[in-house]
Amino acid sequence: MLFLLRSLLHVLHFFYYLLTLIASWKSRPQPHELSYPRKQLPRHLALLLASDGDESTSGDVTLECFLESIQRTVGWCREVGIRKLTVYDREGFLSTNIEQVSQRLSVPAQLPQEDEISEIEYPLTPPPSDVSDSRPLSPVNLSSLDLDVSILEIPAAPPSKQESIGGVKHRRKTLLSSEKHNTDEITIHVVSRSSGKPVVARAAHVMANDQKRQQRRVAIQDLNAILEGDRGLPSPDFMIVYNTSPSSHRRKRPLELYGFPPWQITLTEFHYCNEYSPLSWPWAGLSSRKPEPLNEINFRRGLDEFSEAQMRFGK
Amino acid sequence: MADLLNSAYDSVSSTFRRGLIKVLAAGPVPQHVAFVMDGNRRYARQRNMAIKEGHTNGFYALQQILEICLLLGVKCVTVFAFSIENFKRSEEEVGALMELAETKLLELTKHGEMLDQHGVRLNVLGRIEMLPENVQKSVRVAQEVTKNNSKSILNLCMPYTSRDEITTAVELAIQEKVASSLDGTEHPITEADIERYMMTTLGGSPPLDILIRSSGVKRLSDFLMWQASENVQLHFTPTYWPDIGFWDLLPVILDYQVKVWTQQGGGWGSDRWVSLGIECVALVVTVTLFASLARLRT
Chain A
1 MLFLLRSLLH
11 VLHFFYYLLT
21 LIASWKSRPQ
31 PHELSYPRKQ
41 LPRHLALLLA
51 SDGDESTSGD
61 VTLECFLESI
71 QRTVGWCREV
81 GIRKLTVYDR
91 EGFLSTNIEQ
101 VSQRLSVPAQ
111 LPQEDEISEI
121 EYPLTPPPSD
131 VSDSRPLSPV
141 NLSSLDLDVS
151 ILEIPAAPPS
161 KQESIGGVKH
171 RRKTLLSSEK
181 HNTDEITIHV
191 VSRSSGKPVV
201 ARAAHVMAND
211 QKRQQRRVAI
221 QDLNAILEGD
231 RGLPSPDFMI
241 VYNTSPSSHR
251 RKRPLELYGF
261 PPWQITLTEF
271 HYCNEYSPLS
281 WPWAGLSSRK
291 PEPLNEINFR
301 RGLDEFSEAQ
311 MRFGK
Chain X
316 MADLLNSAYD
326 SVSSTFRRGL
336 IKVLAAGPVP
346 QHVAFVMDGN
356 RRYARQRNMA
366 IKEGHTNGFY
376 ALQQILEICL
386 LLGVKCVTVF
396 AFSIENFKRS
406 EEEVGALMEL
416 AETKLLELTK
426 HGEMLDQHGV
436 RLNVLGRIEM
446 LPENVQKSVR
456 VAQEVTKNNS
466 KSILNLCMPY
476 TSRDEITTAV
486 ELAIQEKVAS
496 SLDGTEHPIT
506 EADIERYMMT
516 TLGGSPPLDI
526 LIRSSGVKRL
536 SDFLMWQASE
546 NVQLHFTPTY
556 WPDIGFWDLL
566 PVILDYQVKV
576 WTQQGGGWGS
586 DRWVSLGIEC
596 VALVVTVTLF
606 ASLARLRT
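If you read the protein sequences in the order shown, they are chains A and X.
For the first sequence, the residue numbers in the working numbering are 1 to 315.
For the second sequence, the residue numbers in the working numbering are 316 to 613.
Certain hints may be false.
[Stated by the list, open to error] No more than 27 Å apart at the CA atoms, straight line, and that leaves these computed lysine-lysine pairs for DSSO-like:
| # | chain 1 | residue 1 | chain 2 | residue 2 |
| --- | --- | --- | --- | --- |
| 1 | A | Lys252 | X | Lys337 |
| 2 | A | Lys84 | X | Lys533 |
| 3 | A | Lys26 | X | Lys390 |
| 4 | X | Lys403 | X | Lys367 |
| 5 | X | Lys533 | A | Lys39 |
| 6 | A | Lys252 | X | Lys533 |
| 7 | X | Lys367 | X | Lys337 |
| 8 | X | Lys492 | X | Lys390 |
The set of hints was computed from the structure by calculation and includes no laboratory data.
Being a predicted model, the structure only gives us computed values, none of them experimental.
One chain only, chain A, in its complex shape (with noise of 0.2 Å):
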């Protein structure tokens, strides 16, 4: 009985992988272009990557795919507004290898501080959270906290140089309507599993032996205070969860988050790039292509997609 329902059950999956396919084939409107008047921009994006599923490729070429993605990120963000991104991998890639990733964005030359704290530069003051009347944990208990979150500055860039001599009319509009983006400065933080869930039992254990604090329970805002404070990892408004592995993006798979930091979710709108194109067969040795970084129509299509959003806070 049990082997008839199994089989069964291999048929369903069949039946559903060819729904599947049909699926795939269907065309999706094309996203707006970037500039593109949207109701609503994301103030702070996430780029999660992962490279899940593939572990024949080498973790340079993994390495290599997540800076194109992070470089035309960033290229993006200035175009359309954004100037607070936040970049994670599980991993720790990135975080790890911090100043490919500076280099690659042209950031003015700064060495990575050899102590516990592993930030690059502090931040321009974040404006002031929702922290009503807490007390402030003692300096001297937080800045022993290692939040494990790098932030890059990049600083206004140039106006860009490119000038033709055919269409300059044109051209000049254009730059002229989108220059004061391009020279906007872009705060990066970059972040990776162990920004998360660790950090906040660190943060727990700094609490505990606060003398001051055990006088009363832990509230939300102390716990928010810490995590999303200055050398922290404030909440963004958008994800954008991006699979590098060619072999994620032959047949459909569910949203997953890959150990992002928790806390920090509440929220956050997602946007799960799940093209999928089952046109190389799973069991094709010949399927090894290179991982891909993450394209422009993935990134406008995502921004479509928050400007429809609505949000009405649990009223």
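Please build the complex by placing chain X on the supplied structure of chain A, with the hints as guidance.
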């Protein structure tokens, strides 16, 4: 006549659905599924119903989904019934929701067939002290009545937010550490310590496998963030919660099974296709044999 056809269609389709559930249960089944029951109000507005009715229909949808999960063999279901943020809604709506909660909890305890049949233990997770006293009482009664059931768990999150859960777990971990360090030993608080004090873990729930949110919203909105941030498949379906049913759940389970099979080894390699082919052939042969035997008989 139409009624007869309708009821025939209903019974055939429900038999068909039950059959499919049996088939699904022959493969790997998630241990813990969570639902965000979103869209009751938009559903009601779309149909020009009172908001209250939308919530009531939402409750019936919950019962249906719960039954399907239990038939499948899912060990634990967690639902986001009420957020601490929802207290911001109109007094009228909050009152109606509290009334619904109290009534349904009492119903569950009085006519607890489904809960007893499947051995479901009810846990209410969240800041129960924020609920009106009469609802608190029905919560206590419902938990008491089902506390000896051990086959599966239903976590009702109300009123709940994930940040509140994480903060509470941090507080409990700190208290434990302070108490244990009085004897002089010093242990750092670890991720596993916080995990132990999550409300879901305290209630005996296995790790989360799948989270489904209805009504097309693609956010977690302060629900199970700690649990869902890793190794959990997130599904966002555009269907409004009261409309949700078996057909929404089917692809979710199939996707989960693909994940488990892929992890177990090889993925959809050539060997899997070969075995699938053999099974298809075997099936066709069996069916043809039976059909021809049946024809020979007549």
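Hints that the structure is at odds with (numbers, increasing): 3, 7, 8
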